[in-house]
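Asker: With my numbering applied, the sequence shown closes on residue 169, and no number is skipped along the way.
Heads up, some of the hints might be wrong.
Using C-beta positions, here's what the derived DEER-type ranges look like [unchecked claim]:
no.	residue 1	residue 2	range
1	100	53	21 to 31 Å
2	116	49	10 to 20 Å
3	97	120	32 to 42 Å
In silico DSBU-like links for lysine-lysine, alpha-carbon gap of 35 Å or less [said to hold, decoys possible]:
no.	residue 1	residue 2
4	73	122
5	55	122
6	138	122
7	122	60
8	138	60
9	47	84
10	113	88
11	88	122
12	84	113
13	60	73
14	138	55
15	113	138
16	138	73
17	122	47
18	47	73
19	59	122
20	88	60
21	84	59
22	88	59
23	73	113
24	59	73
25	73	84
26	47	88
27	59	47
28	84	60
29	122	84
30	73	55
31	88	55
32	47	113
33	60	113
34	84	55
35	88	49
36	49	138
37	49	59
38	60	49
39	49	73
40	84	49
The set of hints was computed from the structure by calculation and includes no laboratory data.
Please read all numbers here as calculations on a predicted model, not as lab measurements.
Quick reminder that beta carbons are idealized off the backbone N, C-alpha and C, glycines included.
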Amino acid sequence: MYDLNDNKVKLWQRGKTFIKKMQGLFNRYPHLSKYVFDIERNGAKGDQKTTYELYPCPEEEAVDLEELEIKKPKILGSVIWDKTPDDMQVYLDTGSFPKPDEEQEEESTPTRRSNRRNSDAGVSRRSRRG
Numbered sequence: 040m041y042d043l044n045d046n047k048v049k050l051w052q053r054g055k056t057f058i059k060k061m062q063g064l065f066n067r068y069p070h071l072s073k074y075v076f077d078i079e080r081n082g083a084k085g086d087q088k089t090t091y092e093l094y095p096c097p098e099e100e101a102v103d104l105e106e107l108e109i110k111k112p113k114i115l116g117s118v119i120w121d122k123t124p125d126d127m128q129v130y131l132d133t134g135s136f137p138k139p140d141e142e143q144e145e146e147s148t149p150t151r152r153s154n155r156r157n158s159d160a161g162v163s164r165r166s167r168r169g
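Construct the entire structure; sequences and hints are all you get.
Answerer: Structure below.
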C-alpha cells in the first residue's frame, strides 16, 4: 500500500475478515493500483474488533510506483518465505523446514521424497496442520 500522507510504501497486514471486503473491491475495481482509497479505522489500535471502511477517492490521482524512486519493502525472504520445492516437500513430510546444513547434505544424498516413495509405496500421505 502506498500512503499518500507520508509518501511511503507500507505492508498492511489484515485478518481473514478483511478478505471479503477486498473481494468486493476487486469486483468493482479490477485494477486496484489505479485507484486511491481513503481508509477509515473504526476501533482502537490493536483491538481485535477494529474494522475498516474503504472509500474510493475519484478526485485523487493514483501514484505509479514504477515512476518513483522510493524504498520498497523487501517481501521475498521476509513476508514471503523464499523456499524451494524440496524445502516445501521436507516441510510436508516433517512439519519443519530444513536447516541450511541439511539443505547442503540433501543435495548429495537422495531427497526425503524419493526415500519416502521407495519405503512407503501404497501408503497415503497425510498433511500436518498447525
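Asker: CB of residue 97 to CB of residue 120, is that within 32 to 42 Å?
Answerer: 38 Å, holds
Asker: Could you grab the alpha-carbon distance between residue 122 and residue 47 and see if it respects the 35 Å cut-off?
Answerer: 28 Å, holds
Asker: Could you grab the alpha-carbon distance between residue 88 and residue 122 and see if it respects the 35 Å cut-off?
Answerer: 34 Å, holds
Asker: Does the alpha-carbon distance linking residue 138 and residue 122 stay inside the 35 Å limit?
Answerer: 12 Å, holds
Asker: Would the hint linking residue 49 and residue 59 be met if the CA-CA limit is 35 Å?
Answerer: 21 Å, holds
Asker: Is residue 84 close enough to residue 60, meaning Cα to Cα at most 35 Å?
Answerer: The given pair, whose Cα atoms are some 19 Å apart, holds under the 35 Å limit.
Asker: Please verify whether residue 49 and residue 73 have alpha carbons no more than 35 Å apart.
Answerer: Cα-Cα ~17 Å, so holds.
Asker: Check the hint pairing residue 84 with residue 113 against an upper bound of 35 Å on the C-alpha distance.
Answerer: 25 Å, holds
Asker: With a cut-off of 35 Å on the C-alpha distance, tell me whether residue 47 and residue 73 pass.
Answerer: Given that 35 Å is the threshold and the Cα spacing comes to 17 Å, the pair holds.
Asker: State, for the Cβ atoms of residue 100 and residue 53, whether the hinted interval 21 to 31 Å holds or is violated.
Answerer: Check passed, 25 Å falls within 21 to 31 Å.
Asker: Between the alpha carbons of residue 113 and residue 88, is the straight-line distance 35 Å or under?
Answerer: 29 Å, holds
Asker: Please work out if residue 88 and residue 49 have their alpha carbons no farther apart than 35 Å.
Answerer: Judged against 35 Å, a Cα distance of about 22 Å means the pair holds.
Violated hints, listed in ascending order, are 8 and 16; each of the other numbered hints is respected by the structure.
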